[in-house]
Amino acid sequence: MKKDLMDILACPICKGDLVLNIEKEDANEVISGTLYCSVCNEYYPIEEGIPNMLPPDLRE
Amino acid sequence: MVTIEHRNAKVKLAEQVYEPAEDSYLLADTALDLVKDCMSILEIGTGTGFVSAVLKANRNISLIATEISPIAAKCAKSNGIDVIRTDMFAGLIEKKQFDVVLFNPPYLPTSEDEKVPGWLNYAFDGGVDGRKDVEPFMQQVSNYLKPHGFILMLISSLTGIDEVIEKMRKYSFNAQVIASEKCSFEKLVIIMASATNNE
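As given, the protein sequences belong to chains H and U, one line each in that order.
Residue 34 in the UniProt record's numbering sits at position 34 of the first sequence; the count goes up by one each step and never skips.
Residue 138 in the UniProt record's numbering sits at position 138 of the second sequence; the count goes up by one each step and never skips.
Okay, chain U solo, but in the shape it has when bound:
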């Protein structure tokens, strides 16, 4: 079994589960700069559990993660993550209880004939515009995020950075790019977003 190590975390990989790449490392490192001890964290679509495992290895936090793929959920569990198999927020109680919600969505624009077989498609397929999951995420996230909490979302230049920020504003979030990294054919960015009207 292949294991990778990053910043005190050891993470086992599995077949048919997205292998942590530049995007995962950028989200993990950026989140680690912002997540403090005692925070309550939710990661949506955790995959191997890599980002969550890096946070747990370095911070004293409470963290849960969701994952739709049964293979990835099992992998994340084997990496010590408290994982719930569900579609995004579906199996979670509607309570504004998380300080931070992390999301590395499937962000690649994907046409019908570009889909990959099996559960792995959930890791890549962002729909035709790459933003398929951004809309339902933004629609729901306020029900789970504390009023002063924030979102960290990783997307790519291929996803349309301005379009995603615009969408976040539509849902009354202040959003800005706080980290970025150039990769071969794309630029990866982390968007940090917090609610504008903190009741």
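So here's chain H without its partners, still in its complex pose:
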């Protein structure tokens, strides 16, 4: 995902802001990492450049 997607993403549970943690990136985008919601204490994974914003119980 491109970093400017951070302006659009929110925690799906509380709709609050997220903190981006990059594990792997190239010139264009974040390839893997996490998005963290401190209010819900929940991590959302970024895999193959796609942020997975499904709540943990619906993730797979």
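Don't read these hints as lab results, they were simulated from the structure.
Every residue gets a Cβ at the ideal spot worked out from N, C-alpha and C, and that includes glycine.
Among the clues, some could well be false.
[As the list claims (entries may be wrong)] Cβ pair distances, simulated, as ranges:
| id | chain 1 | residue 1 | chain 2 | residue 2 | range |
| --- | --- | --- | --- | --- | --- |
| 1 | H | Asn21 | U | Ser62 | 23 to 31 Å |
| 2 | U | Glu135 | H | Pro45 | 27 to 35 Å |
| 3 | H | Ile22 | U | Val116 | 33 to 41 Å |
| 4 | H | Asn28 | U | Asn8 | 20 to 28 Å |
| 5 | H | Glu48 | U | Asn58 | 21 to 29 Å |
| 6 | U | Asn121 | H | Asp4 | 30 to 38 Å |
[What the hints assert, rightly or not] Mimicking SDA-like on lysine to any residue, the simulated pairs with C-alpha atoms at most 25 Å apart in a straight line are:
| id | chain 1 | residue 1 | chain 2 | residue 2 |
| --- | --- | --- | --- | --- |
| 7 | U | Lys132 | H | Ile13 |
| 8 | H | Lys2 | U | Ala90 |
| 9 | H | Lys2 | U | Asp37 |
| 10 | U | Lys170 | U | Ser184 |
| 11 | U | Lys36 | U | Lys96 |
| 12 | U | Lys77 | H | Asp17 |
| 13 | U | Lys96 | U | Lys146 |
| 14 | H | Lys24 | U | Pro70 |
| 15 | U | Lys170 | U | Arg131 |
| 16 | U | Lys132 | U | Phe150 |
| 17 | H | Lys2 | U | Asn60 |
| 18 | U | Lys95 | H | Leu54 |
| 19 | U | Lys115 | H | Leu58 |
| 20 | U | Lys77 | H | Val39 |
| 21 | U | Lys146 | U | Val128 |
| 22 | H | Lys2 | U | Asn58 |
Fit chain U to the given chain H structure using the hints.
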């Protein structure tokens, strides 16, 4: 890998992902008539990313899409779409920032025994009346659409066109059919809807 081409866009298909059909083409062509350069576009449930890819190939726009199926999300990504895996609007910040929201919902009335296995069911299953996803979409869309923005939604005569328009009015949207196409057993229509009270 199968690739289809339409109006300058090349779109790769994938197993278990809805293959663009008459509905997708009608939405893509209608949207292309209305979407102008510099607009900010959101597509809900992009599937292969076909509609979004057609817009991006022909307009200078910013576009993001959501998709619940992991297989479809990956497919859309491979087609150059900035995709977020989420249920409808769930992972998006509540900000009225989009000029246009596009939605080709699962619109077929579907009973329990008509469901298809796996993620593909999300592409078809509109619930018993075909309008299962229309209600939550209309409930939420105003939180993301600019006051003067508009919705383009594709549905079928099987979904109940009057019922969907009625639902949109309930949420204070002006709604009208702006394009239609007869297919074998149904009529496909595009409904354009905009907020009646543009604060």
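Results of checking the hints against the structure:
1. H:Asn21 with U:Ser62: 23 to 31 Å: holds (25 Å)
2. U:Glu135 with H:Pro45: 27 to 35 Å: holds (30 Å)
3. H:Ile22 with U:Val116: 33 to 41 Å: holds (38 Å)
4. H:Asn28 with U:Asn8: 20 to 28 Å: The hint (20 to 28 Å, Cβ to Cβ) holds, given that asparagine 28 (chain H) and asparagine 8 (chain U) are roughly 22 Å apart.
5. H:Glu48 with U:Asn58: 21 to 29 Å: Since glutamate 48 (chain H) and asparagine 58 (chain U) have Cβ atoms about 27 Å apart, the given range 21 to 29 Å holds.
6. U:Asn121 with H:Asp4: 30 to 38 Å: holds (33 Å)
7. U:Lys132 with H:Ile13: The hint holds at about 21 Å.
8. H:Lys2 with U:Ala90: holds (19 Å)
9. H:Lys2 with U:Asp37: Cα-Cα ~21 Å, so holds.
10. U:Lys170 with U:Ser184: Roughly 31 Å separates the two Cα atoms, so the pair is violated.
11. U:Lys36 with U:Lys96: This hinted pair holds, its Cα atoms lying about 18 Å apart.
12. U:Lys77 with H:Asp17: holds (24 Å)
13. U:Lys96 with U:Lys146: holds (5 Å)
14. H:Lys24 with U:Pro70: holds (20 Å)
15. U:Lys170 with U:Arg131: This hinted pair holds, its Cα atoms lying about 15 Å apart.
16. U:Lys132 with U:Phe150: holds (21 Å)
17. H:Lys2 with U:Asn60: Cα-Cα ~17 Å, so holds.
18. U:Lys95 with H:Leu54: holds (19 Å)
19. U:Lys115 with H:Leu58: Holds - the C-alpha atoms of leucine 58 (chain H) and lysine 115 (chain U) are around 19 Å apart, at most 25 Å.
20. U:Lys77 with H:Val39: violated (29 Å)
21. U:Lys146 with U:Val128: violated (32 Å)
22. H:Lys2 with U:Asn58: holds (21 Å)
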